[in-house]
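Enquirer: Work out the full structure: start from the sequences and follow the hints.
Protein chains in written order, with numbering that gives the first Met the number 0: chain R, 0 to 352; chain W, 0 to 1507.
Please note: incorrect hints may appear among the correct ones.
Claimed, not checked - Which residues of chain R face chain W? A few of them, derived with a C-beta cut under 10 Å, are:
hint: 1; residue: 38
hint: 2; residue: 135
hint: 3; residue: 136
hint: 4; residue: 190
hint: 5; residue: 194
As the list claims (entries may be wrong) - The list that follows gives simulated cross-link-like pairs (lysine to any residue, SDA-like), each with its CA atoms no further than 20 Å apart:
hint: 6; chain 1: W; residue 1: 1326; chain 2: R; residue 2: 171
hint: 7; chain 1: W; residue 1: 1325; chain 2: R; residue 2: 226
hint: 8; chain 1: W; residue 1: 1326; chain 2: R; residue 2: 284
hint: 9; chain 1: W; residue 1: 342; chain 2: R; residue 2: 226
Don't read these hints as lab results, they were simulated from the structure. Note that the structure is predicted; figures quoted are calculated from it, not measured. Using N, Cα and C, we set each Cβ at its ideal position, and we do this for glycine too.
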Amino acid sequence: MTWSVSARGAHQPDNTAFTQQRLPAWQPLLSAGITLPLFFCAGLAFIGLGLGLFYSSNGIKELEYDYTGNPGTGNCSLCATEGQGRSPPPNCSCAWHFSLPELLPGPVYLYYELSNFYQNNRRYGVSRDDAQLSGLASALRHPANECAPYQLSATGLPIAPCGAIANSLFNDSFTLWYQRRPGERYVEVPLDRTAIAWWTDYHVKFRNPPLVNGSLKLAFSGTAPPPNWHRPVYELSPDPNNTGFINQDFVVWMRTAALPTFRKLYARIRQGNYSAGLPRGAYFVNITYNYPVRAFGGHKLIIFSNISWMGGKNPFLGIAYLVVGSLCILMGFVMLVVYIRYQDQDDDDNDDE
Amino acid sequence: MERELEAAEEFAPPGRRRRPGGRRWEGRMRTVRSSLLPPLGTEDPAAGGPKGEKLLMRGCTQHLADNRLKTTKYTLLSFLPKNLFEQFHRLANVYFVFIALLNFVPAVNAFQPGLALAPVLFILAVTAIKDLWEDYSRHRSDHEINHLGCLVFSREEKKYVTRYWKEIRVGDFVRLHCNEIIPADVLLLSSSDPDGLCHIETANLDGETNLKRRQVVRGFSELVSEFNPLTFTSVIECEKPNNDLSRFRGCIIHSNGEKAGLHKENLLLRGCTIRNTEAVAGIVIYAGHETKALLNNSGPRYKRSQLERQMNCDVLWCVLLLVCMSLFSAVGHGLWVRRYQEKEALFDVPEADGSSLSPATAAVYSFLTMIIVLQVLIPISLYVSIEIVKVCQVYFINQDIELYDEETDSQLQCRALNITEDLGQIQYIFSDKTGTLTENKMVFRRCTVSGIEYSHDANAQRLARYQEAEEEEEEVMPKVGTVSQHGSTGSHQNIRVTHKNQSIKCHRRTGSLAEAKRVSMLSKHTAFSSPMEKDITPDPKLLEKVSECDRCLAFARHQEHPLAHLSPELSDVFDFFIALTICNTVVVTSPDQPRQKVRVRFELKSPVKTIEDFLRRFTPSRLASGCSSIGNLTANKSSHKSGSSFLPSLSPDNMILRLEEKLGQGAPAIASNGYSSQAAQAEGWTPQCTPEKCPRKEAKQQDRELRYEAESPDEAALVYAARAYSCTLVDRLHDQVSVELPHLGRLTFELLHTLGFDSIRKRMSVVIRHPLTDEINVYTKGADSVVMDLLLPCSSDDARGRHQKKIRSKTQNYLNLYAVEGLRTLCIAKRVLSKEEYACWLQSHIEAEASVESREELLFQSAVRLETNLHLLGATGIEDRLQDGVPETIAKLRQAGLQIWVLTGDKQETAINIAYACKLLDHDEEVITLNAESQEACAALLDQCLHYVQSRNSQSTPEYTESNVSVGFSFIPASTSSDSSPSPSLVIDGRSLAYALEKSLEDKFLFLAKQCRSVLCCRSTPLQKSMVVKLVRSKLKAMTLAIGDGANDVSMIQVADVGVGISGQEGMQAVMASDFAVPRFRYLERLLIVHGHWCYSRLANMVLYFFYKNTMFVGLLFWFQFYCGFSASAMIDQWYLIFFNLLFSSLPQLVTGVLDKDIPADMLLREPQLYKSGQNMEEYRPQAFWLNMVDAAFQSLVCFFIPYLAYYDSDVDVFTWGTPVTAIALFTFLLHLGIETKTWTWLNWVACGFSTFLFFSVALIYNTSCATCYPPSNPYWTMQTLLGDPLFYLTCLIAPVAALMPRLFFKALLGSLFPTQLQLGRQLAKKSSNKFHAPKETSAQRQPPGDSATELSEKKTMGPFESLPRDCASQTSQLTQQLACSPEASGEPSAVDTNMPLRENKLLEGLGTQASGPLRPEEAVSVECPGDSRRKPTSTTQPAPLSSLFHLPSIGSLNWISSLSLASGLGSVLQLSRSSLQMDKQDGEFLSSPPQPDQDLHSLQGQATGYF
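Expert: Dropping the structure here:
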């Protein structure tokens, strides 16, 4: 009611620091004086960090080989030209020969890299059913609509695993052979294909459907493999802990990459004699060439790399720190000049006063 | 029952008769009948057509609202739909819901649909809960009010029973007792008061605390027995409900067909309180929401602030940007799809049916999805945040203790919640004068009676003492005793009025402000009574004359013509004081108990209301028959009998006939007989009434102080003044006024009419019968300009006429003098009416009163007819003191770059002098006065002035041009321009203003006004005020603020961008209309300069930050599109995307938006020019917006590409990469805010910490909670993994730093090299607070280096010394252009000839007497244009009759009065322009023909020497 407003008690406001807006405060002034030390400190710190990063990144050794098979780039071009399209001849293989003049310190990681492959495009990225992959029986039979058109097979069976991501599973395989001295026999280097996926993915997120009579195959009965797959999901690996949805390659693949050029971990080399790294000598990688990328201008690379505390080889961060650091220093100097001039002026003013 | 039936049928014919004419009324009339009557339809079923019509009307009555108050908007059921509907009126909500719904379309969805709805629902829910709560509290208060009790007449029980308010219906009879609140709009039918009066207090309605009088409807007041509702059969026709509090029209149709007019005096309004009346009864006319009080209650106001408008515009830019981005993406996606669709790309997902998606369709889908993904660009939280910030700002303004006025115990109220930031951008202030700049506490200062001036020097001294004492204030408490002694000795001739309250006397003497406060608090409920106003020290000379009159009259009163024994002068003195005492509407009460009526009845019960009344009173038959005080009723009856039996159904024609008849016989009777002294005594004299009665009364008066409740403070001041001369108003009833004089005792005047004050007539009158002479007298009190025109023209032939003329011219001179002193002047005049004249007038007046349709107009005309041929008695000068701190406030506001216009209804001289007093006009600046009498003259004058101003400006070109460019990186250019050479000020009067506001001239007027430093509009009407504001607002596109305190300022307050009401003396109307209500004018300074600046700067920065934040965030997403085939996928998890704005990044900016102080308050007050940043919109201007956007784009580039490159060629997945990007964005936002925040309190730190903590904790919980729940993103354990990754920390460190480096760098560089005024102010504030303990230095730092203020102060101190030599020098070079403007040429009345010289002399004297004041050279460029010959001497302006001087632009500070009265109209203007051209050319080097009049030189020199 409006007319009852008038009669109230004492209207005197509270006299507190908060209500009177007198809270103790720090009032920095953005001027040369205050930013000067900031710039110098930040600059020095960044340059220091940058140098550290730069050297640690430089310490990382990487070997990479583009085996896309573009004409004239090695023996993979044969495989590449042999089968265009989605079903290359299964038995085409090619090799990459290289030699290490010295030890490549371990642990050595084997990556494959795809470029110009848009795993992050929206329609592709959403085309999966996490419920199905977590082993939910109902979701296995009824894949989510997002999986379309890889939701149901032509015969009407639910596809397991459904979706475009699963359908496009990377299916090249590599074996590494080592020759200690020229003329010696090539020995196969054991590739540790376990624990290449995130621990949580492998143990929590991806689960096989409950076994039926102890058999994974029966659990998957009534489903169809994705159209591009040549074998059903339960036959991805003979190892029962690495087959079905918890196949490590599959799990790794299902973690969609952020950028169109990405690498994914294929294996680690840390067993036996190779725990210290790859010793000097000659090597070749036998590549089973299945995955067609030339059609859309993609590239496939195979990479050996060791890692440092800060991850894989990437000189950028070190350089960035150095650049930003030196910019800071530069700005600091500009500020210094300004500060000196301004300070003089200020002093004069003070004198005048 | 039968009787009623009869009555109803009797009523039918007139009803039918008035139908045809009344048809057009039907729409705006309503009919009210007693609810006790059985419904008409059942009563006479056989009624014909008209009955049916009435039935319809009756039906209408039934449908009328009951008295239930229902201010709630919703019911339980309707809440949801209605509230949602209302919320969707806000376009933004529709937009967000649309986007959320878009998510339900599978082809384009970006997020989980439910999730996408969450923020919208959240926002809607918050608003809904707020609305619900508000509605509930409204419901509760409604309930409370609805269940108040009230006595309502019950049909069944045949008596008054208590009912709830809500049960009252239209047509019910209610009975109210003293101090009860009126439940509905009630037509007053009966009152316990024998006069049929009732007093109400309308404080709840309009805040006015004085009692208002209401009258019982005519026809019911004569009832002898108590009013019985059962016998009420009349029908009331009245207006449809409307919200006009000051108007009510209608008529009551009695069962016998008689009609009586109803007016607002009969209506008791809901919400008012019954006072001083035991009990009243009435019929409910309007109930519930149809009551005027509720119709007036429009609730809070919503305005859009300028900043918000600008922001909305920028929001539109953002929408455009959003659409552009989406379009770009869509096209990109289309191309991308086309590129890959044929190539069997493994990542290409075909349609559900296996066919590949066509690029066009893909583009369309992508477009829609992009809009969803980028929706953050239009921040959903923006509006909510702004509202929150504004509410907090309002809270802080309300809480500011510096805006709290102890005296009135009121603080600043923000009535509009959403225009706080407008306070920081005001460019023009339009101020009322009275009550706004001044106290509106009127103090009687001087008066002139019959041409003799009484200067009241002692009174002036007293006032001065009062002021001094006030200044000394509380710390002199121990000295109180001595002060009081001094006071008593000093005022030995201070003759005190007999009945004066002891406490007040003593407090006045001590003069302690604290005491004054206490008393004013105690007597707060009485209007206008500060001790200063009450105690007036009379002028001894005048006092002597008054007592002489008194004695003389006391001696002569038994003789036939007592007044004839007085000399004309003394009789004027006597009349003067009588007029002061009775010509008003002051109600006399005593402070403690309710008003006791003096129960001395006279034979007349009411003012003359009908012709019968008149006949009864003034026919000699009645006089001859004599009268007794109790014979009223019998006389009434006998007159009925003796008159004629047809009187009850008297038609107007008959009455007039009769009247004339009576007059015909009456006149001789009066002549021969007159009144017997006996009769006169019986009627007029009471003190000697009964010996036992009088002492008691005397004794009673000793202990009770009379309190005067006046509608305006002037009235009270005059009554108090008269009381000081022992002419005391002791009682006022509606029909009689009693005045007490020491010797004469109590004189009781029969009050025949009161013609109230209105702003058009500018005067009020009372018609009384003089008890001494038994003549009918009209006393008129009004503005001098009006009253002087209404005087009886006096011939210059006889001595008497010449004498009169002389008196008038003298009075006029004094009036001018008063005006020069800044006093409010009122003229008092009198007219003696003969019976015939009165009868004539009365007849038309009664017609006017009875008319229903154009009652106001007719009454106005009637009043005008009466108030002519007046005899001038004298004039008064009332001082309206300036409020505390007004000059300082105005100076500060002006320093702050605000243009202050004063729009006042006062006369020009008064206004000018108040303007000088409050430093609005400066003595060393020119004043252009615009007084035009016709449209053409006004146009010509405007041209002339424009020309002059421009030529002036062209001479000071450097500053002028600079002022345009003063963007203000330093103090120097911005401030010198405004201060170096003061621009002239403009004074314009109401008539000229009316011309100037015409379409054709408004541009010129505005252009001229813009050039002027301040503008003074005098004599302006409320409408003109609002027109001026509107003009400036629309044409100059400027932010305007209007401040005022009275009802006449309401329109102006409503028109302005910001309306400020002063909750002062004149009620609450201005406050009700305002956006902000301040207790005093001086609080405006802090409100604008501190709070306005803060609010603006805070909100501007926050809005900019909002835009920055969203653009930057959206930028990240946009850059990502280049790497995901423009497919509208987002690397940032949907949760972060949706809640980022709402949760993670909102709190710090809110805290900053609420608490940030760019400059401390004391610094802002010390350097008001800092306010200009808000006026120039420095913080939030378009380039700032775009710069901000560019910076946002840059920052988003950095924040995108640093993680991009850092994670390039790695096995990172989308969301593991997106989360660092989000974190980087958050840190960048916080750091950016850190750069923008000027004041870091612990709240800021907490808010930033909380934001970071919230983000990480939400991320961790979210990433742990469910492995598969949130498709398509699979954030499980992402954050945890990232926290173990050094790369995450490294990117989070470098990206924000790199992004903000340039901003920090440039800000610091600008802050050091080209600091803005604000930054300088901040530096200064910091320095002064650092060196707080070094007072020497702080004082030095008050002026920043190179600050204009230093220069200004230097100049000021130098000023007087320099001016002297210049003075002399310029005397030689001075030039006066005296154009022939003789009265003959302009054809003015001959009276002017005699007046002019006199007035000049007086004026000069007046100037001379003011030598004590500062140097006051009248540097007025007064351009006068007496366009038509009707011009009266009264309206000539102050310096104009003198040789007003034309100012020489080149002679910097020296000023000359240049008389430039123009002969007439255009011709003279041409002359003027020629002369001014000459002056420009010669540059003041040649001497003009007529030398300066000597007096001028003398007076000027005298002043100059006096000054040193």
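Enquirer: Are the hints correct? Go through all of them and say.
Expert: Status of the hints after comparison with the structure:
This hint holds: residue 38 of chain R has a C-beta 8 Å from the nearest C-beta of chain W, less than the 10 Å allowed. Below 10 Å, beta-carbon pairs count as interface contacts, and residue 135 of chain R has one with chain W at about 8 Å; its hint therefore holds. For the restraint placing residue 136 of chain R at the interface with chain W, the shortest Cβ-Cβ distance is roughly 14 Å, beyond the 10 Å limit, so the hint is violated. About 16 Å separates the beta-carbon of residue 190 of chain R from the nearest beta-carbon of chain W, more than 10 Å, and the hint is not met.
Interface hint at residue 194 of chain R: violated, since its Cβ lies 14 Å from the closest Cβ of chain W, which is beyond the 10 Å cut-off. As the CA atoms of residue 1326 of chain W and residue 171 of chain R are separated by approximately 71 Å, the hinted pair breaks the 20 Å bound. With a CA separation close to 73 Å, the supplied pair residue 1325 of chain W and residue 226 of chain R exceeds the 20 Å bound. Simply put, residue 1326 of chain W and residue 284 of chain R have alpha-carbon atoms about 73 Å apart, too far for the 20 Å limit, and the pair is violated.
For a cut-off of 20 Å, the pair hint linking residue 342 of chain W to residue 226 of chain R stands: about 17 Å separates their Cα positions.
Violated hints for the displayed structure, listed by number in ascending order: 3, 4, 5, 6, 7, 8.
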